[in-house]
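Residue-level listing of the chains:
Protein chains: 2
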Amino acid sequence: MTLQPVRGMRDFYPEDMRKREWLFSVWREASLLYGFEPYDAPVVENLDLLKRKAGEEIAEQLYSFKDKSGREIALRAEMTPSLARMIASRQNSIAMPAKWYAIAQCFRYERMTKGRKREHYQWNADILGVDDVSAETEIISLLIFALKKMGFGTEDVVVRINSRKIIEDILRKVGVPSELFSQTMIVIDKKDKIPSEELKRMLGEVPLKGDIPERLLDAVEKCSEGGAREFLGDGENIRQMDDLIENLGDFSEFVSFDVSVVRGLSYYTGIVFEAFGKRAGKRAIAGGGRYASLLEKIGGAPLSGVGFGFGDVVILDVLEESEKIPFTGINLDYYIIPYSKDYLSYAFSIARQIRNKGFSADIDFKCRKVKTALSDGSKKNALFCVMIFPEEHKDGRIKLKNMKTKEEKTLSAAEFFDSSIST
Amino acid sequence: MTLQPVRGMRDFYPEDMRKREWLFSVWREASLLYGFEPYDAPVVENLDLLKRKAGEEIAEQLYSFKDKSGREIALRAEMTPSLARMIASRQNSIAMPAKWYAIAQCFRYERMTKGRKREHYQWNADILGVDDVSAETEIISLLIFALKKMGFGTEDVVVRINSRKIIEDILRKVGVPSELFSQTMIVIDKKDKIPSEELKRMLGEVPLKGDIPERLLDAVEKCSEGGAREFLGDGENIRQMDDLIENLGDFSEFVSFDVSVVRGLSYYTGIVFEAFGKRAGKRAIAGGGRYASLLEKIGGAPLSGVGFGFGDVVILDVLEESEKIPFTGINLDYYIIPYSKDYLSYAFSIARQIRNKGFSADIDFKCRKVKTALSDGSKKNALFCVMIFPEEHKDGRIKLKNMKTKEEKTLSAAEFFDSSIST
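One line per chain: the protein sequences are A and B, in this order.
When we follow this note's numbering, the leftmost residue of the first sequence carries the number 1, and every step to the right adds one.
When we follow this note's numbering, the leftmost residue of the second sequence carries the number 1, and every step to the right adds one.
Okay, chain A solo, but in the shape it has when bound (with noise of 0.2 Å):
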């Protein structure tokens, strides 16, 4: 039989697991000093709840089947559709503005290529019951404090924002007709990975007619440029981008304005961004925006929303890439290290009193020769290796040795309760 973990979906092994509990950490740490709640759903929901949010393409890529009673369900692609039903089911009783957080595991049954798995953890944290620009502000530096945690300036990331209105005003102004505002969305969508020439093929086969693909691009290259309240006039919505600038403050530099940035079709009503690796890979990173109306569609009151999901692969590729995650080795504080099998039971007592506070420990539990058991202490990490041996033992002694300085001393385990270890 196979050893190897169901296809596309990853095994963390220990040093991989540290890595992923240190990302998620960064996550969890960032989401509570911006005053985010945590919560959580089953891995498992209703297919018809995780149906009725999804477009088509994730509708077909639902890892779904039949319970033992015949109900339909499905492992979750996106944690979206739980946290619509949990507020709907609640709704009155959930004080708003409500601003929650979850790290959530997410399944599609798709193509594998470089930063896809059928399986990845997504952070996704939500503001839910403000309708002004100050959720996008608060959302937005809560995805720019976390990047900055990880180590990431302005160098290696960029949130590029744009808004649905404003793009939707650019192609209403160039004479798209409104029906086919969605077929061109897509393409310029493709914008950054598809040479003009292409692009503006695509754009005659939507189809766009005459030169109007032509002064499309221009426009958005234009508007993306600083030349959007030009070009549109000072509406409401170009004001909107303005405030959400302005209120980012020191954080704005991060920030580039790019009208290309569509973030799919089908939910967003306002305000969308994404992050994205500026070096090498160049990819999107995390992305999200303003949603209308989440809860309608499950048959709860209507509220705004705005909110971001950013995945565990592709920022795991990326800080690797720039050596960017921490030392996330083993972590031991002593090692403990008996002579023999006689001296276990005295091991046990020591290391017993070392965890009571608060110190991590561990122990040598095959006695091995003392060579092989301090080259151990050093592979765990260990700052220190308490040796029990039988010289110093009959006399109520332990040999303390220092795994840094390499510096070694006797000490009764009095002196060493009292001093060494809360030092």
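Treat the hints as calculated values from the structure; they're not laboratory data.
Worth double-checking, as some hints may not be accurate.
Any copy, or any two copies together, can satisfy a pair, since identical chains are not distinguished.
Said to hold, decoys possible - Straight-line Cα separation of at most 20 Å, SDA-like style, residue types lysine to any residue; simulated pairs:
{"no.": "1", "residue 1": "LYS193", "residue 2": "LEU217"}
{"no.": "2", "residue 1": "LYS369", "residue 2": "GLY129"}
{"no.": "3", "residue 1": "LYS19", "residue 2": "ALA104"}
{"no.": "4", "residue 1": "LYS117", "residue 2": "LEU316"}
{"no.": "5", "residue 1": "LYS66", "residue 2": "ASP48"}
From a predicted model like this one, the values you see are computed outputs, not experimental measurements.
With chain A fixed as given, assemble chain B onto it according to the hints.
Chain B only, in chain A's frame:
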């Protein structure tokens, strides 16, 4: 459509999620202080793997299904098969002994009763590659350490310990034929739940002949009450139990030798144990033991291990009943109250600086009346409220309210960041 989660599965609203996070942090901290390394595997595994280890009962309760390429997969019902697979696939490179832990969600489609849902999180800790009783000492110590950290004393919980080898010695000694050992143990396992007359009848049905049922129950009683050495003589299995108790030192006050503890059938081969709530409810909280041939079943080399599983459902009930869960409301350092929308941008700047210093902050985005906003800050358990009002703001000052003492003071932003916020 229903707004409930899938039947038998749990939503975690923030209040519940904070309780869960507190529990997980106890588990995690205990694991790290004991030198265990974290790991994880996909919640979806190949069906074949899960069936190989599972008993018939578990196999029937698996949430199994086919993925879109026809692979037979299932949600894990326990973590051990994944652990075995991960270890077996790198058996040559993983340093032994290995001390690994995971906090893993597991799924079983079964009838729901109090303390049983269709999903739960389980803390798993395992020590692999140590054959002697020091592994049992370490794993049981870890379990007791965690229970103590949760605030339990010897009046709340007991860890019952037995050895499969000792119960087998007893069965042999009272004349149970070896081919009836398994069935006999199934009955013995129920000893605490069933009156002894009924137990005797069930043993007779195994079938144990003549006075064997009576002699067996007497022997179990006698051995559990300290008479095992007298009854069985001074053999290796009794000495091993003595070593274990001695190694546990002052933790042994939590431990009770109990010959009726069996912990299922097909899996454990040596010492077995379970943590049990002594108060109202009286339920098994965690259980584990020594296993000899985990890896061989899936093609690995022989490797002995000892481990336990500790679910979140029962313990959260028990903790709740005994009021041992610490305060898990939202915790906020600063709640910022802008007088009106005109002061939001400044509020964001204050919040950004507070968060950069590692304190949590939230903002009243709605700019409500001061009284309402202060009451909101109070609901969020904010330590301080920062009020940005026109009067003070024009001189570059803010008003700071200590929510505990109700004391208010007016100070410049510089004073606030230099002094107040660092204390």
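Numbered hints the structure breaks, given as an ascending list: none
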